[in-house]
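Engineer: Turn these sequences into a full structure, and let the hints steer you where they fit.
Protein chains in written order, with my numbering: chain A, 939 to 1043; chain B, 939 to 1043.
I should point out that these hints are in silico values taken from the structure, not numbers from a laboratory.
As the structure is a computational prediction, the values presented were derived from the model and not from experiment.
Check each hint, because a few of them may be wrong.
Below, in silico cross-link-like pairs of lysine-lysine (DSBU-like), each with a Cα-Cα straight-line distance of 30 angstroms or less [as the list claims (entries may be wrong)]:
#1 A:Lys1008 x B:Lys1008
#2 A:Lys1008 x A:Lys1021
#3 B:Lys1023 x B:Lys1008
#4 B:Lys1008 x A:Lys1034
#5 B:Lys1034 x B:Lys1021
#6 A:Lys1008 x A:Lys1023
#7 B:Lys1021 x B:Lys1008
#8 A:Lys1021 x A:Lys1034
#9 B:Lys1034 x A:Lys1034
#10 B:Lys1027 x B:Lys1008
#11 B:Lys1034 x B:Lys1008
#12 A:Lys1027 x B:Lys1023
#13 B:Lys1021 x A:Lys1008
#14 A:Lys1008 x A:Lys1034
#15 A:Lys1021 x B:Lys1034
#16 A:Lys1027 x B:Lys1021
#17 A:Lys1027 x A:Lys1008
Far from chain B, some chain A residues (derived; all Cβ distances over 10 angstroms) [to be verified]:
#18 Asp942
#19 Glu962
#20 Gln965
#21 Glu966
#22 Ala973
#23 Gln978
#24 Pro979
#25 Glu985
#26 Gly992
#27 Gln1006
#28 Glu1012
#29 Val1016
#30 Leu1019
#31 Arg1031
#32 Ile1032
#33 Gly1040
For each residue, glycine too, the CB sits at the ideal point set by N, CA and C.
These are the residues of each chain, in order.
Number of protein chains: 2
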Amino acid sequence: MIIDHLQPPYYAVIFSTLMTDNLEGYQEAAERMEALARLQPGYLGIESSRNEIGITVSYWENLDAISQWKNNVEHTEVRALGKAKWYRKYQLRICKVEREYGFES
Amino acid sequence: MIIDHLQPPYYAVIFSTLMTDNLEGYQEAAERMEALARLQPGYLGIESSRNEIGITVSYWENLDAISQWKNNVEHTEVRALGKAKWYRKYQLRICKVEREYGFES
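Structural biologist: Right under this line is the structure:
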């Protein structure tokens, strides 16, 4: 799903991933994390796509909301599991969204 | 491919898309645009993924580089074609990357 227009300024976390061959438990954990993120104060939405690489972009009201989500205990445990099992490589970028444009046919 | 660590601050353009059923000419145009973007001053890299939705993130040194790429004549023509044929819906977000973290196992 594409997240419709939000009102800048707000924040985006771009999470780009390469997976290992061991995806046992990954899908369940990803769904649980998405459900948990939705409950966080300041959460605005998430977009996700995967083929050779995965790109997940989550949107947040401000840096404090991102920091609170990072410190969520269950999220912290799952990140450790991700590094141990599922992720071969990732890059995470914290960005301030300054402008946006939409199109719908 | 995941773009390795870059030095913030720099800019990201998050382009999230839903396609129509008519993808004739799309793959060629996408490859041509990526090749052309690489030649632009201030281009830093691109990451792309697609399943239900597509997410393409391109990275740039500054807003001026993004503006120059937007005004590239061939890119402008292809954007018009994209709106007419390939894109059912898209959202484009221009973001300043403030921080980043990487992991490699």
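Engineer: Look at each hint and say if it fits the structure.
Structural biologist: Going down the list of hints, with the structure as the test:
Restraint check for Lys1008 (chain A) and Lys1008 (chain B): the C-alpha separation of about 34 angstroms exceeds 30 angstroms, so the hint is violated. Of the supplied pair hints, the one linking Lys1008 (chain A) and Lys1021 (chain A) holds, its CA atoms being roughly 15 angstroms apart against a limit of 30 angstroms. About 19 angstroms separates the Cα atoms of Lys1023 (chain B) and Lys1008 (chain B), which keeps this hinted pair within 30 angstroms; it holds. Note on Lys1008 (chain B) and Lys1034 (chain A): the hinted pairing holds, with a Cα-Cα distance of about 20 angstroms set against a maximum of 30 angstroms.
With a C-alpha separation of about 26 angstroms, the suggested pair Lys1034 (chain B) and Lys1021 (chain B) falls inside the 30 angstroms cut-off, and the hint holds. For the proposed pair Lys1008 (chain A) and Lys1023 (chain A), the alpha carbon gap of about 19 angstroms is at most 30 angstroms, so the pair holds. For a cut-off of 30 angstroms, the pair hint linking Lys1021 (chain B) to Lys1008 (chain B) stands: about 15 angstroms separates their Cα positions. The hinted pair formed by Lys1021 (chain A) and Lys1034 (chain A) meets the criterion: a straight-line CA distance of about 26 angstroms does not exceed 30 angstroms.
Taking the CA atoms of Lys1034 (chain B) and Lys1034 (chain A), the gap is near 5 angstroms; set against the 30 angstroms cutoff, the hint holds. Taking the CA atoms of Lys1027 (chain B) and Lys1008 (chain B), the gap is about 19 angstroms. The hint holds against a cut of 30 angstroms. Restraint check for Lys1034 (chain B) and Lys1008 (chain B): satisfied, since their Cα atoms lie roughly 17 angstroms apart, inside the 30 angstroms limit. Between Lys1027 (chain A) and Lys1023 (chain B) the alpha-carbon distance is near 35 angstroms, which puts this suggested pair outside the 30 angstroms criterion.
Straight-line distance between C-alpha atoms of Lys1021 (chain B) and Lys1008 (chain A) comes to about 37 angstroms, which puts the hinted pair past the 30 angstroms bound. The suggested pairing of Lys1008 (chain A) with Lys1034 (chain A) holds, with an alpha-carbon distance near 17 angstroms, which does not exceed 30 angstroms. This hinted pair checks out: Lys1021 (chain A) and Lys1034 (chain B) have alpha carbons roughly 27 angstroms apart, not beyond 30 angstroms. With a CA separation close to 34 angstroms, the supplied pair Lys1027 (chain A) and Lys1021 (chain B) exceeds the 30 angstroms bound.
Taken as a hint, the Lys1027 (chain A) and Lys1008 (chain A) pair is honoured in the structure, with Cα atoms around 19 angstroms apart against an allowance of 30 angstroms. With a cut of 10 angstroms on Cβ distances, Asp942 (chain A) falls inside the contact zone with chain B, its closest approach being about 7 angstroms. The beta carbon of Glu962 (chain A) sits about 16 angstroms from the closest Cβ of chain B, which is more than 10 angstroms, so the claim that it is off the interface holds. Under the 10 angstroms C-beta cut-off, the non-interface status given to Gln965 (chain A) relative to chain B holds; the minimum distance is some 13 angstroms.
The beta carbon of Glu966 (chain A) sits about 18 angstroms from the closest Cβ of chain B, which is more than 10 angstroms, so the claim that it is off the interface holds. No Cβ of chain B comes within 10 angstroms of the Cβ of Ala973 (chain A); the nearest lies about 18 angstroms off, and the non-interface call holds. No Cβ of chain B approaches the Cβ of Gln978 (chain A) within 10 angstroms, the least distance being about 19 angstroms, so the stated non-interface status holds. Pro979 (chain A), annotated as away from the interface, keeps every beta carbon of chain B farther than 10 angstroms; the closest lies near 20 angstroms.
Some Cβ of chain B comes within 10 angstroms of the Cβ of Glu985 (chain A); the nearest lies about 5 angstroms off, and the non-interface call is violated. The Cβ of Gly992 (chain A) sits about 6 angstroms from the closest Cβ of chain B, inside the 10 angstroms cut-off, so the non-interface label is violated. At roughly 16 angstroms from the closest C-beta of chain B, the C-beta of Gln1006 (chain A) stays outside 10 angstroms, upholding its exclusion from the interface. The non-interface label for Glu1012 (chain A) is consistent with chain B: the shortest C-beta to C-beta separation is roughly 19 angstroms, beyond 10 angstroms.
Residue-level check passed: Val1016 (chain A) sits 14 angstroms from the nearest beta carbon of chain B, beyond 10 angstroms. Distance to chain B confirms Leu1019 (chain A) as a non-interface residue, since its nearest Cβ pair spans about 13 angstroms, more than 10 angstroms. Chain B draws Arg1031 (chain A) into its interface by the beta-carbon criterion, the shortest separation being 4 angstroms against a cut-off of 10 angstroms. For Ile1032 (chain A), the non-interface assignment is contradicted: its Cβ lies about 5 angstroms from the closest Cβ of chain B, within the 10 angstroms cut-off.
The Cβ of Gly1040 (chain A) sits about 5 angstroms from the closest Cβ of chain B, inside the 10 angstroms cut-off, so the non-interface label is violated.
In summary, the structure is inconsistent with hints 1, 12, 13, 16, 18, 25, 26, 31, 32 and 33 from the numbered list given earlier, while agreeing with the others.
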